[in-house]
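When you get a sec, could you build the whole thing from the sequences and use the hints?
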Amino acid sequence: MTDEGTGRGVRGTGVRSVSHGPSATGGAISTAPNGHSSEPYVPVFTGETKAKLDALLVRYPTKMAALLPALWMVQEARGWVSPEAMAEVAQVLGLTAAYVKGVVTFYTMYHQHPVGKHFIQVCTTTPCHVCGAEDVVKAFLQQTGCGELGVTSADGKYTVIEVECLGACGFATPVMVNSDFIESVTPANVSDVLKKYV
Amino acid sequence: MGFPFKPHPRENTVLSKHFGQAEARTLDGWKARGGYRALEQALGMDPLAIQGVVKESGLRGRGGAGFPTGLKWSFMKLGDGKPHYLCCNADESEPGTFKDREIMRWTPHALIEGCAIAAHAIGAETAYIYIRGEFTEPLAVMEQACAEALRAGIIGKNAMGSGKRVDVWVHKGAGAYICGEETALMNSLEGKRGNPRIKPPFPAAAGLFGMPTTINNVETLAAVPPILVNGGEWYKKMSRPDNPKSTGTKLWSVCGNVARPGNYEVEMGFPFKDFLYDLCGGPPPGRKFKAVIPGGSSVPIITIEEAEAALMDYEGMVAVGTMLGSAGCIVMDDAQSIPRQVARLARFYAHESCAQCTQCREGTAWTTKILERMVAGDGTTEDFDTLMSLADDMTGKTICVLSDSCAAPVVSGLQKFRGEFEALITKKSVHTVPAIVA
Chain A
3 MTDEGTGRGV RGTGVRSVSH GPSATGGAIS TAPNGHSSEP YVPVFTGETK AKLDALLVRY
63 PTKMAALLPA LWMVQEARGW VSPEAMAEVA QVLGLTAAYV KGVVTFYTMY HQHPVGKHFI
123 QVCTTTPCHV CGAEDVVKAF LQQTGCGELG VTSADGKYTV IEVECLGACG FATPVMVNSD
183 FIESVTPANV SDVLKKYV
Chain B
4 MGFPFKPHPR ENTVLSKHFG QAEARTLDGW KARGGYRALE QALGMDPLAI QGVVKESGLR
64 GRGGAGFPTG LKWSFMKLGD GKPHYLCCNA DESEPGTFKD REIMRWTPHA LIEGCAIAAH
124 AIGAETAYIY IRGEFTEPLA VMEQACAEAL RAGIIGKNAM GSGKRVDVWV HKGAGAYICG
184 EETALMNSLE GKRGNPRIKP PFPAAAGLFG MPTTINNVET LAAVPPILVN GGEWYKKMSR
244 PDNPKSTGTK LWSVCGNVAR PGNYEVEMGF PFKDFLYDLC GGPPPGRKFK AVIPGGSSVP
304 IITIEEAEAA LMDYEGMVAV GTMLGSAGCI VMDDAQSIPR QVARLARFYA HESCAQCTQC
364 REGTAWTTKI LERMVAGDGT TEDFDTLMSL ADDMTGKTIC VLSDSCAAPV VSGLQKFRGE
424 FEALITKKSV HTVPAIVA
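As they're listed, the protein sequences go chains A and B.
When the letters of the first sequence are read in order and numbered with this note's numbering, they come out as residues 3 to 200.
When the letters of the second sequence are read in order and numbered with this note's numbering, they come out as residues 4 to 441.
Hints were generated in silico from the structure; no laboratory data involved.
We put the CB at the ideal spot given by N, CA and C, even for glycine.
Be a bit skeptical, because a hint or two may be false.
As the list claims (entries may be wrong) - BS3-like mimics (lysine-lysine), calculated; alpha carbons at most 30 Å apart, straight line:
{"#": "1", "chain 1": "B", "residue 1": "Lys20", "chain 2": "B", "residue 2": "Lys80"}
{"#": "2", "chain 1": "A", "residue 1": "Lys54", "chain 2": "B", "residue 2": "Lys85"}
{"#": "3", "chain 1": "A", "residue 1": "Lys119", "chain 2": "B", "residue 2": "Lys195"}
{"#": "4", "chain 1": "A", "residue 1": "Lys54", "chain 2": "B", "residue 2": "Lys160"}
To be verified - FRET-style restraints, in silico, Cβ to Cβ:
{"#": "5", "chain 1": "A", "residue 1": "Glu41", "chain 2": "B", "residue 2": "Gln44", "range": "57 to 67 Å"}
{"#": "6", "chain 1": "B", "residue 1": "Pro437", "chain 2": "A", "residue 2": "Glu41", "range": "55 to 65 Å"}
{"#": "7", "chain 1": "A", "residue 1": "Val44", "chain 2": "B", "residue 2": "Lys80", "range": "31 to 41 Å"}
{"#": "8", "chain 1": "B", "residue 1": "Arg376", "chain 2": "A", "residue 2": "Gly134", "range": "19 to 29 Å"}
{"#": "9", "chain 1": "A", "residue 1": "Asn191", "chain 2": "B", "residue 2": "Gln44", "range": "46 to 56 Å"}
{"#": "10", "chain 1": "B", "residue 1": "Asn15", "chain 2": "A", "residue 2": "Ser181", "range": "29 to 39 Å"}
{"#": "11", "chain 1": "A", "residue 1": "Ala89", "chain 2": "B", "residue 2": "Gly289", "range": "56 to 66 Å"}
And the structure:
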């Protein structure tokens, strides 16, 4: 359980991915304990990605409005949003790194730490809760070997978290694996779902 | 309709008619179904005339507040020399609600058409559709439909050859329930933290980028093209005869302990009892309904007896002590512990509080802690007063209504199911599930 760096919400409510996941367990993703990569930083916004961002900028009257899209591009390219990436985004959009961090920490979908190859979000809000979502979470934690919410499995493959209402309440329990949205997951078909993500 | 997409004979499918038809997602398929006729008509009309038709229809906001749409549009001062903006609120995150998702997945062009008509009606050249980041499929479908409409010249700098500019852009959120609040959405779209703003100024005076802005829900905008084609009078007729204040059809998302969950579209004023038992198929086998949260998690919880007596429109829901809200109907059967579910709801609000206002940041957190302690069997009789006092501090005293929304189910849950809470304290008992009745 961590509230570090979420910048909102309350201690003890909601579990996001935590920094000691893969590095502490010797997983596939190599990072220093503070979450900074030891490799030299390679900029994201060059070539095609830069052109894609420039094309987006014409949609808005301010550069700042492209911040959320720019952060998405970073996450797509790198899997998470590192402090160095925040600094790069700040520079590209004419903002400060502190400002960008303030925005990143507000939103739950930007990873501030590396996560498993497959990031699994199980909806457990009331409509799914009444349909037994807790058991779906347990099944995922068991079958991925994660054991605990927010912790990446030893092989670096999976991170499982609970997520607040995914907006598909009639198809309980909806689960997101990376960007795939899967409906009607039950404890019984968790193993089938996982087969696709190895 | 339940799943797969087969409407119940008592539904009136204005918005959901083409759900489940893959061809309806394409521009050609949409045109073949009469699509973009309304936009063509609108672009040749005076903005005030469009506002007039929508006012006449009686259409009210489908996002939760139920504000008259035509009236909202009329707050935009036309010809003031400032850029105007239209925001489409597609940040559907209210627990129990999943209707906008289906509109975007199956009829993306209906939304684009609604956006373009509304933009013209409020003097805007740009419309942004803000879709929550978790909606990966609706995002992809909407992006593709927008690109297709732009390529075909339906939107863009010369929309349908009218000489008018209407840009429609999709903007992806990044995970925050609060961004469904209109001013938080605007902050988020501007690249800021999604903190709600103090009103006034209202969006029509100073909204997105500080300019006059109208913000409408997906379902509201999708209802505009059929209204324009068929006329305001046609829409107004879909209501109960003794209540002209709620008009048209409404998509109800039904979830929880119910035989056939899904989206159902019925005319305003439909009897809730028939809806729950006939359309949705009643409770799961051997169970009985116990409680309903009819309008998304932010509205007061009602007992099944109250629900069975209700009529499904804005006034009908108020009459039984709750609200229509976003019409995300969460049904609970007799196997559910109300304290446990109320505690889970409180946890949701505690997680989603933007933490700007003290009453909300602290109130949602302490409400959650107290409720979870009660559920764990460590409650005291003083907890009732503490929870009610917290709820009072959280109602009507904050920038937005998130903390009010947390208080609503807590207060109504304590009032209507007090016995269940008391049992947790006096008997230190955990909830027991009654046996299934054969």
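Structure-based check of all given hints:
no.	hint	result
1	B:Lys20 to B:Lys80	violated, 35 Å
2	A:Lys54 to B:Lys85	holds, 29 Å
3	A:Lys119 to B:Lys195	holds, 29 Å
4	A:Lys54 to B:Lys160	holds, 21 Å
5	A:Glu41 to B:Gln44: 57 to 67 Å	holds, 59 Å
6	B:Pro437 to A:Glu41: 55 to 65 Å	holds, 59 Å
7	A:Val44 to B:Lys80: 31 to 41 Å	violated, 49 Å
8	B:Arg376 to A:Gly134: 19 to 29 Å	holds, 23 Å
9	A:Asn191 to B:Gln44: 46 to 56 Å	holds, 48 Å
10	B:Asn15 to A:Ser181: 29 to 39 Å	holds, 35 Å
11	A:Ala89 to B:Gly289: 56 to 66 Å	holds, 59 Å
Of the numbered hints given earlier, the model fails hints 1, 7; all others are met.
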